[in-house]
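Undergrad: Each protein sequence line maps, in turn, to chains W and Z. Under numbering that gives the first Met the number 0, the residues of the first sequence are numbered 0 to 335, in order. Under numbering that gives the first Met the number 0, the residues of the second sequence are numbered 0 to 201, in order.
No lab work stands behind these hints, which were simulated from the structure alone. Be careful, since some hints might not be right.
As the list claims (entries may be wrong) - Where chain Z lies over chain W, by a calculated footprint (3+ residues, C-beta under 8 angstroms):
id, segment
1, 5 to 12
2, 141 to 149
3, 217 to 230
4, 247 to 259
5, 270 to 279
Backbone N, C-alpha and C fix where the C-beta goes; we use that ideal spot for every residue, glycine too.
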Amino acid sequence: MTATVPAARPIIRQSDIEAGVAVRARTWLDAAQLANWCNGNGEVLVPAYSPEQTIASNKTFVFRYRVTPPGRAVRRVWVLYLEGNCALSIDGNVGPSADYIVDSGGTWVRYVEDLTAKSASLQEISLTITNALSSATLTVKSIACYEDLRIVLDKDATDLGVELTSVAVREPIQENPYTSLGGIAAALGAAQRRQYFNVARPDDIAECWATTSATLVLMLDDVPILTRKLLSADTTGNVRFAALCSASDATTDGEIDITNNATGNNVTLTVTDPGTTWAWYTIDFPADILCEDLSEASGWPDGALLTAAAKTLDITFRRSGGAGTFYVASIAAIEY
Amino acid sequence: MSTSNVGGLIRGVSTTYSDFGNQPVRTSTWQTVANNWNHTADERSRVLVCWSPRSTTTGGYSIKVAGAWTRLMSFGPFPLLVGADGTPYPVRLAVGGRSTASSQLRIGVCVLGAADADMSASVAPSNVLESAAFNNTTNLWRKDGVVTVDPVFQDYGIVNDLSGATPSTVAAVLVTVEVWGKSATGSACVATQAYAAEQVAL
């Protein structure tokens, strides 16, 4: 009696469901398995990127990310590609740190966090990398974090797993939670969210983005983005941007401008008096960023990223008030 | 290609199980539920890599040797979603960079252990995209497209409960996203950006 997550995605034959015709148990089994497949595969919380960061010996840097997980994961997996003849330790938010030896030829590192609670709230996750005293300089070439897949979902209000035996041949249609046809419909209530990018530099004012310029300067150039298509007529989706900001004093303000190259539209995240303590600031960019086109093999509207209509964002920032330095350590784009 | 009849979600269906018990439910409601699950699965795909330049002319990683395909970046490994036909979801890719001599970039999705052979092959295999030769000092996207990966399953350890409880092993298609470069001049070719995302197959 389990809500098993299949390895491969089923497809429900919608033509099997028509008025006046009995629907095969197989159709409902496909539906239950598909529900479990959608809800049992984890989200990528930090799409891989390069912080283009070196870490000197005996130095620790913290990379901080803003995420809204779907809320069913029990394990987070961090995967990194590192270069340098180094001994290092990696720590996350949950569980113990782990030590690694890497070399200058490049080493893949996998660090797991076994979660103690499921959470679907907007939250910060972080990765702390410490390069040992005797090490050479460490180059952090890539970082990514994803939620590990599940093989069995719980039959509860969090996982909304559907009991597969309840849709077997000759089983009656039941009226119990997490079973049968009602369970399949109820599982549609499970959150599905896509994380579009999550780029963090160390939360160290010597290493993060910093500016004293009153005019906009580049943070990230030509960032590809395609939102999840929701309704059939949708051509755009909603994206929430979150940035980790601070300043060198209590009176310096800043702005982050996000321009959608596909439309020329932009939003401006205004950060007023952030002070010297890092804090997250968010702004929504509704119904402007292109969504996937499922009639295209690539998903890109009109077929490719590299067409005349760029499907990218430009992100710039400036000091908008005061006389100090405006800092940004991290910026994330999340479906909402 | 969309596997749902309408190519999107249909609103208005209850997600309370008891709304479907002890009472007649219209056929159209069940058609909607089926449509919505198919579309949810179509759009279950994930962004695997999103690395963009912080400057239009600097940053990135350069090759260290001339005249040979050389690894510039590696992202992952990730377990890919597996589609209804047993093959992984296709991956849309893009790669970019700059160069001070004629150079090429490759981006590929490689099963664990296959990257060196796939990325350095004299002719790019079907899981690898190769840019045209370029000689330009601005960080730009140079090549994009879609690739598919052979369904090579490997043992992958997971846990099934909180706090690391109930460990088990599943079969998963584990891949790295690789960026390699080649130039007649050592260090001339610099990779500055890469993108990879799963995509439901046509």
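Undergrad: Run every hint past the structure and note whether it holds.
TA: To see whether the hints hold, each was checked on the structure:
1. 5 to 12: Three-residue rule met by the segment 5 to 12 of chain W, so holds; n is 6.
2. 141 to 149: Result for this restraint: holds, n = 6.
3. 217 to 230: holds (count 13)
4. 247 to 259: With 0 residues closer than 8 angstroms to chain Z, the segment 247 to 259 of chain W misses the three-residue bar; violated.
5. 270 to 279: It is violated: at least three residues are needed, and the segment 270 to 279 of chain W offers just 0 whose Cβ sits closer than 8 angstroms to chain Z.
Checked against the numbered hints given earlier, this structure breaks hints 4, 5; the rest are met.
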